[in-house]
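Each chain, written out:
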Amino acid sequence: MGDGTEVVVRSDRISDEQVAKNELLGSVEVKDDDKEDEVFEEAIGSGNDEQEEDPKRELLETDDLPLEETRQSSKDENEVEDFEEAVGDLDETSSNEGGVKDLNVDYSVVGESHGAGEAGFDAVTPKMNGDTGEGGAGDSCGKVESRLDVVVNTEKGDTNGSNLAAEDVSIENGKTHSFLGNGIVSPKNIEVVAEVISKDDGIEEPWNDGVEVENWEERVDGVQTEQDVEDGEGTTKNLFEERTEEEVVNGAGTGKNLFENGSGSVCIDNESEAKTNGETGAAYTSDIETNASGDKSVNDSTEVASAETSSPLDKSSSGEKGETEGDSTCLKPEQQLASSLNSNPESTEIRSNSGSPGVTSRENETVRNSNGGHDVQQRPQPNKDLEKQQSSKVNVDPEIKENSHVETEAEVVSSVSPTESRSNPAALPPARPAGLGRASPLLEPASRAPQQSRVNGNGSHNQSQQAEDSTTAETDEHDETREKLQLIRVKFLRLAHRLGQTPHNVVVAQVLYRLGLAEQLRGRNGSRVGAFSFDRASAMAEQLEAAGQDPLDFSCTIMVLGKSGVGKSATINSIFDEVKFCTDAFQMGTKRVQDVEGLVQGIKVRVIDTPGLLPSWSDQAKNEKILNSVKAFIKKNPPDIVLYLDRLDMQSRDSGDMPLLRTISDVFGPSIWFNAIVGLTHAASVPPDGPNGTASSYDMFVTQRSHVIQQAIRQAAGDMRLMNPVSLVENHSACRTNRAGQRVLPNGQVWKPHLLLLSFASKILAEANALLKLQDNIPGRPFAARSKAPPLPFLLSSLLQSRPQPKLPEQQYGDEEDEDDLDESSDSDEESEYDQLPPFKSLTKAQMATLSKSQKKQYLDEMEYREKLLMKKQMKEERKRRKMFKKFAAEIKDLPDGFSENVEDESGGPASVPVPMPDLSLPASFDSDNPTHRYRYLDSSNQWLVRPVLETHGWDHDIGYEGVNAERLFVVKDKIPISVSGQVTKDKKDANVQLEMASSVKHGEGKSTSLGFDMQTVGKELAYTLRSETRFNNFRRNKAAAGLSVTLLGDSVSAGLKVEDKLIASKWFRMVMSGGAMASRGDLAYGGTLEAQLRDKDYPLGRFLTTLGLSVMDWHGDLAIGGNIQSQVPIGRSSNLIARANLNNRGAGQVSVRVNSSEQLQLAMVAIVPLFKKLLSYCYPQTQYGQ
Amino acid sequence: MGSLVREWVGFQQFPAATQEKLIEFFGKLKQKDMNSMTVLVLGKGGVGKSSTVNSLIGEQVVRVSPFQAEGLRPVMVSRTMGGFTINIIDTPGLVEAGYVNHQALELIKGFLVNRTIDVLLYVDRLDVYRVDELDKQVVKAITQTFGKEIWCKTLLVLTHAQFSPPDELSYETFSSKRSDSLLKTIRAGSKMRKQEFEDSAIAVVYAENSGRCSKNDKDEKALPNGEAWIPNLVKAITDVATNQRKAIHVDKKMVDGSYSDDKGKKLIPLIIGVQYLIVKMIQGAIRNDIKTSGKPL
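One line per chain: the protein sequences are P and Z, in this order.
The numbering of the first sequence is the numbering used here, which starts it at 613 and goes up by one.
The numbering of the second sequence is the numbering used here, which starts it at 812 and goes up by one.
From the derived model, a few chain P residues whose C-beta atoms are all more than 12 Å from chain Z:
hint, residue
1, 1165
2, 1166
3, 1204
4, 1326
5, 1359
6, 1455
7, 1471
8, 1528
9, 1597
10, 1615
11, 1698
12, 1727
13, 1757
14, 1790
Between beta-carbon pairs, the in silico distance windows are:
hint, chain 1, residue 1, chain 2, residue 2, range
15, Z, 884, P, 1332, 27 to 37 Å
16, Z, 834, P, 1236, 51 to 61 Å
17, Z, 884, P, 1236, 33 to 43 Å
18, Z, 834, P, 1332, 54 to 64 Å
19, P, 1230, Z, 980, 24 to 34 Å
Derived by calculation from the structure, the hints in this document are not laboratory data.
Glycine residues also receive a C-beta, built at the ideal position from the N, C-alpha and C atoms.
Just need the whole structure built from these sequences, with the hints factored in.
Next up, the structure:
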């Protein structure tokens, strides 16, 4: 039996993958839990559906029974015997019974599917009932196996007498299980269980499947099974104690949930089982454990089983276990992913899978119409189908493993990086290297025949058939992409072929898998899943390859980076198998960047060799120079992949490569690492001694070393998701070679094809991505950080802000003037008031001192009144003057030029001699020094106004310079003012730039349009805003404005619209309302503000002022309302009360009341309170600290 | 003195041939009235310092782990045998993240106060091809710490000696080239004059600490050229210990480093004098000004 051996191989693979999984981080586990829960929930739904259908199933069952019995003849005997033996032991019986029940349950569930399958397939293969059953199950599961496959299955079944195996397969499905159960169990059992079965539908989750399988196995193996299980447990526990435990807990929890959710009776069954026999319960739980623990435990158990049992049955069962467990794990990730908003491409893909089964099942006219629940159930099945094929073909397992494996990776990725969700669309590429990295650990001998692609291939194949049948609506475009994708697939297979890698190589399989996923993902967007089978592709590839080594339309550019002396040039020589670059052990061999092109196995490969980098910090400047030259070199022709080389036998535990890696990241950007492969040269070197002098294993050594480097790269790139694939390299001429003359590493790996394959895979995937335009990946820089959604609220609020339009210099104060026009009439009568007052002589201090209190008060009141009047008068005069001036200017315009010169002289502009500007008023501080002198500056005739920017709240408020502000007002054609102002601030953390340009044009009466351009830093990016606004001053008391703005932030453009209305109700009340919306990328934010101001009648003089502000912002359905009110009331002559309050709709608010006074000095005594308190706390420290 | 002096148990673990030779060497030392010897081991991280110490002692005295940095502080291992004591001081790696780890050097210095270093073993790997700036800096740092003289008491130990050199080079050529380049680095790093350097004549010893080291017919760990390396190393150590140069005594002064307090003490009165004169001059000038301008303000 060829199968037997293959099976063993399979299990080995599984174990490998387990190992790989072991490496995964703990965080994965947590996620697993989630998945399980979800799976269960959905399963529950399905269970209900099934329940309804039970009667039918039962019918089917009855029909099936005879078939099965015939089928199983030989096996039945075995099983029966086993069963009897099992009965002998209480434990076993109990466990078996549990198993039986489960089986029955499953059976009922399966019943329909089985029937459906039979309906479809009996005609095809009437002879083999078992096989048909399988086929039917498979079909019902939703993954339609191609008929060829079915046939194959039947054949194998015949030859091997692997009916059982076939059954086992069905068991995997959970539905087929029932068959076995029926066959094995006596009719009585079935009857007894019947009720249970009907109820148990819900239990059919992958989880239970696993359990059942194990029970089944127990039966088959008889006495051995228990041991197996235990062994499995033991190993799993040893390997992954934590994980298993956790998962067990989870599994138990989920199980309970299921039960609770499902039919009550079911719960009872399971629980009762558990309770009745202590040991059964244990066994049961142990099963759960193994299932929960996922592939590993399963694999372990499977391995053990396969090792011990030589019968095909056992193998098949073990295989099944592995598969089923694999499935369960698969399911979990899928579920999880799906639940996580499709964030992972894989998740979506998975969904598409699940969807497709549904379709197929429908087409098969299965009894069930696919419901949501149904789909859920089916998800496991795709894998199972594969498994079936595997069981027949023995190839299946690897696929499954890979599925689970890949998905877990995805999880790892996501779990590792919280940012994943954001960049999920982009996650496919990063995930890919990660996947390769997982797979790459050099461990896989090429002999493995995993066939991940199978999964896709079959699935897609079947789907394609059906799709062709059913869908006429598919777009041509879609076909085109599919065709192209197929071409890529063929290309890759050819590449693999030339490199002597079978499609079963882990890397190859994974790439194919990803291509399939990508295709399906794509297909989901359109109509149906893609229609190209792996088989066709491989056939095509073989054909093309057989036709002759015609040059392939593929070339790959590899750039080699690395420390000096690690063997970059030597590696290149090895790749081409000839001396392309001379190497010297002691000299810096490569002095400049150079590239070389050549054919490797008929594949065009271009390699860029770079000078060696130096590790020490002091040499980083040199490195930078080198890397910059590299950058210039690759500008035209960027490499597809970067190969970072280091020596395997250097134990750099002092993070000595960090400077170098950092420099690389700095020069090329961290994205360089996304497409990088780590190459470890000197791979044939002997691993160092372990801590106690014993030699460590080569694989351990490699793993550790690659981990160190990967970690370093992760740090250097600042991206913890990175998982660069590792490839080993050995350039030494004394390296062991195989018969073909290829260099072989101590672990049996032939490194060169592996390295090349990794590189090509990366390129191929990039191509596929580009083709499918998956996400917004730009092929050139596939890992550019995806731009975040622009901060719409921020943009909106800055849009809503009403800003003054730039004015011509002579109109600088126009705004107020306009407003004050309102009051003109009322002012007129007061005009001469000040002049009418009797003359007033101010007193000297000495005279003041002689006055009595009342006199003093009178005097001060009088003085204040006069001051007020004086100021009013002055203001009025000023206003008048300006008005005159304006008129004058208008007249002058009409006059010949000669006069205008005169006027200009008069108006004079800013002082021609630098004049000191008034001191800045600094906020009060407790500093002994008053540093205003630091900020003094001169106002020169220079049109540029340059001022320092002060940050008074900065940590060094003493010095306080945060930046520079420059302003200038230009006038174009004497009409159009353009104001330019820029501000640069910089502190330790970040630098901010703000540049504003604005200009305005008056057109028509009372209409003006302003156009502005802003540039400012938002976060780490620059936002460019172009806005324009038009004001209508048609009414005296109402001014309206409407504006538009476009902002470019990062690579996203947002556009906004606003309307503003300014209402001046009276001299003391005015109100500004504005509303607007901002849209970007389908995202919309609305906002509005309202500002009302109530102020003293003669505002600048009277200090009474109340402002009310309200703002509303709606974004993502998230409504933010905020309001604030501020009031300023003068109390007495020289005291002010300022109260401020704000509140938002989240309940956060602030109230502050401030009084300042210049006459009540005793107020300052308040400052003593905190001092006093502090002193008090010294006296009674215990009250303070509550010892 | 932190570490206890223990009987040298590991000595019995050596093959008989090695034991004989070692006893002979130690006998020679005793003849020169040296009853103890202190060996300091320095080098970059991960080159095999601790492994070398373990090999020398014949016991697993210092923990060695391939991927974790060894202890962060120096460790002294003392073994006595037949009245002769050998102290070996293992140290942390001198390189950290591309920098010379001055902190580690300080620690080592502090550890060595009031000890005398008879021999310095500067350890590096043989199977590395390039010498870079960092090596130079390490040498420089060592020179700054212990003075140039230390190099006269130095043995260059090249570990990982059992390897096959890259193509077209014979083992001998490779190793000599490698040691030459390292010696050149040492010279450059320590800024010794040529003559000085030739006088110091740093010897090069190869070592292979791996458990997979091949053995010669006497069951000694041997290099590819057939020599047993441990006796070789010990012989070289004794040679250096007994050469005419003075052993390096690390005292307080060396540890604290600078004589900054003493430097330029003599200048103090001079400066004060100059200051006095300048003040006088300025005062004179002021007076002069006042006189010529007539009235003080």
